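Colleague: For this one, chain A is given, so just place chain P with the ligands on it according to the hints.
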Amino acid sequence: MSHEPLIVLDAVNKWFGDLHVLREVSLTVDRGEVVVVIGPSGSGKSTLCRAINRLETINSGSIRFDGKELPAEGRALARLRSEVGMVFQSFNLFAHMSILENVMLGPVKVRKESKAVTRERALSLLDRVGIASQADKLPVQLSGGQQQRAAIARALAMQPKAMLFDEPTSALDPEMVGEVLDVMTSLAKEGMTMIVVTHEMGFARAAADRVAFMADGQLVEQAPPAEFFGNPRSERARDFLSKVLQH
Amino acid sequence: MDVFSDPANLQLYIDGFLMILKLTGASSLLALVLGLLLAACRVAPVPVLRAFGAGWVHLFRNTPLTLVILFCYFGLYSAVGVEFSEDIHVNNYWLAVVGLSAYTAAFVCEAIRSGINTVPLGQAEAARALGLTFTQNLRLIILPQAMRSVVAPLGSILIALTKNATIAGVIGVAEASNAMKGLIEARGDQTIAIFLVFALTFVALLVPVGYGFTALANRLMVRR
Ligand SMILES: Nc1ncnc2c1ncn2[C@@H]1O[C@H](COP(=O)(O)OP(=O)(O)O)[C@@H](O)[C@H]1O
Ligand SMILES: [Mg+2]
Chain A
1 MSHEPLIVLD
11 AVNKWFGDLH
21 VLREVSLTVD
31 RGEVVVVIGP
41 SGSGKSTLCR
51 AINRLETINS
61 GSIRFDGKEL
71 PAEGRALARL
81 RSEVGMVFQS
91 FNLFAHMSIL
101 ENVMLGPVKV
111 RKESKAVTRE
121 RALSLLDRVG
131 IASQADKLPV
141 QLSGGQQQRA
151 AIARALAMQP
161 KAMLFDEPTS
171 ALDPEMVGEV
181 LDVMTSLAKE
191 GMTMIVVTHE
201 MGFARAAADR
211 VAFMADGQLV
221 EQAPPAEFFG
231 NPRSERARDF
241 LSKVLQH
Chain P
1 MDVFSDPANL
11 QLYIDGFLMI
21 LKLTGASSLL
31 ALVLGLLLAA
41 CRVAPVPVLR
51 AFGAGWVHLF
61 RNTPLTLVIL
71 FCYFGLYSAV
81 GVEFSEDIHV
91 NNYWLAVVGL
101 SAYTAAFVCE
111 AIRSGINTVP
121 LGQAEAARAL
131 GLTFTQNLRL
141 IILPQAMRSV
151 VAPLGSILIA
161 LTKNATIAGV
171 IGVAEASNAM
181 KGLIEARGDQ
191 TIAIFLVFAL
201 TFVALLVPVG
211 YGFTALANRL
221 MVRR
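These protein sequence lines are chains A and P, in that order.
Residue numbers for the first sequence, in UniProt numbering: 1 to 247.
Residue numbers for the second sequence, in UniProt numbering: 1 to 224.
Looking at chain A on its own, in the form it has when it is part of the complex (with noise of 0.2 Å):
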């Protein structure tokens, strides 16, 4: 295990044909550390999510994971991405398997593990995030919050190093928000390496370690939640803030 931060982006440049996408983007998360990351709709915050695991490649600079450069693909970039895991704004639960199928998926076919040891896993996990009751059904038959829980221990069962949240509340109903994010609260608080990118700005001042906002594709400021919400150093953040806190 390597002493530097456990994600370090230096200098990221990302395009989309002419559109600049990600500007310049510098940014290291510690492990451990939970970062919000906050912005107006398209600053670029998912493609910096996306980036991490290389759902997205980029133009220049460079990312390491764990002490080490993004591998460009094969067998290391799949090894890097079950490392990292992912929790997507449309749950995105295999829709022709068990909720215990989903969870039970990457442990066996990317880790082979045996099927017993991560059906235990599984059970434990689907507990934690108060579904176990739902495990043999399809992802259909349950409501969006639970989908969601499913998806986050889809992403656990795989024991990350880190996990990458785009969103993750975004789809459901107002009801449904709070079970999720009590879940994520406390996978915060046991110490899981997060980045977080969510317009709910009570779980960043309640979870985060940092807070970073972007716009137009930079990351124009970062500094704790107290500090960030209390006095916004930068006028697109302070802008940002009084549209959001607003409603």
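Simulated from the structure, these hints should not be mistaken for laboratory data.
All values derive from a computational prediction rather than experimental measurement.
Watch out, some of these pointers could steer you wrong.
Listed below are the simulated SDA-like cross-link pairs for lysine to any residue, each with C-alpha atoms no more than 20 Å apart in a straight line [claimed, not checked]:
{"#": "1", "chain 1": "A", "residue 1": "K109", "chain 2": "P", "residue 2": "V33"}
{"#": "2", "chain 1": "A", "residue 1": "K115", "chain 2": "P", "residue 2": "Q136"}
{"#": "3", "chain 1": "A", "residue 1": "K137", "chain 2": "P", "residue 2": "T133"}
{"#": "4", "chain 1": "A", "residue 1": "K112", "chain 2": "A", "residue 2": "L77"}
Where chain P lies over chain A, by a calculated footprint (3+ residues, C-beta under 8 Å) [unchecked claim]:
{"#": "5", "segment": "33-39"}
{"#": "6", "segment": "94-100"}
{"#": "7", "segment": "216-222"}
For glycine and all other residues, C-beta sits at the position ideal for the given N, C-alpha and C.
Modeller: Below, chain P with the ligands alone, put in the same frame as chain A:
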């Protein structure tokens, strides 16, 4: 109808349809495997494979099957020297199977590919994020969900293949249409009857196939 009361004629008719079944059986299996591989190529992250898959589909989907079968005989066999058997009948059978499979695989590939396109992008993405390889992703996540919408088109392709098997006749394979031609030439007085018997045999064989595939497709209807 006394044409079929002659045992030799009856045998010609039976052998013709047995040959259709043999051609269809072997070609459908080969076309399924090849079509699956081609579909995998078409969605692979490797540009060379994608180009290969696309090239195959464009070539075979837009070439008349008669030309493909004739090429197998005059090109593969006569010019290049591909020989499956010393026995000319067995050899022609396999040359026809190669042509039918290569041709049908293009359609199977496109049916599977459009099935793959019905699976939401997020499914493959979540699988990649877990660390599944491309082939695991295809095998465990994408294809099982795609197959449900591929079954019905595969039924139509199988029906087309069975009828297309008659084109093996152009390189002398003794299949049903050749048998029919032989019988008509021998018994010109019963042309209509002979024709109807052959046509209705195809219908009787293929109507259940159509219903079977429709029923299967309905059973597999995806819930999302
Ligand atoms: N695959 C893509 N192809 C082209 N443009 C994209 C793609 N993905 C995202 N974009 C564009 O990149 C910009 C940043 O997108 P995104 O990272 O999703 O922002 P955010 O998550 O902050 O809303 C947006 O303008 C978006 O339209
Ligand atoms: Mg986004």
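Colleague: Does each hint fit the structure? Answer for all of them.
Modeller: Comparing the hints with the structure gives:
For the hint linking K109 (chain A) to V33 (chain P), the alpha-carbon distance of about 24 Å lies beyond 20 Å, and the restraint is violated. For the given pair, K115 (chain A) sits about 17 Å from Q136 (chain P) by alpha-carbon distance, which is consistent with the 20 Å threshold. Restraint check for K137 (chain A) and T133 (chain P): not satisfied, since their Cα atoms lie roughly 26 Å apart, outside the 20 Å limit. This hinted pair checks out: K112 (chain A) and L77 (chain A) have alpha carbons roughly 17 Å apart, not beyond 20 Å.
Counting residues of the segment 33-39 of chain A whose C-beta lies closer than 8 Å to any C-beta of chain P gives 0; at least three are required, and the coverage claim is violated. Only when three residues or more bring their CB closer than 8 Å to a CB of chain P does the claim for the segment 94-100 of chain A stand; here the count is 3, and the claim holds. Interface restraint, the segment 216-222 of chain A with chain P: violated (0 residues with C-beta to C-beta distance below 8 Å; minimum three).
Hints 1, 3, 5, 7, counting from the list given before, are not met by this structure.
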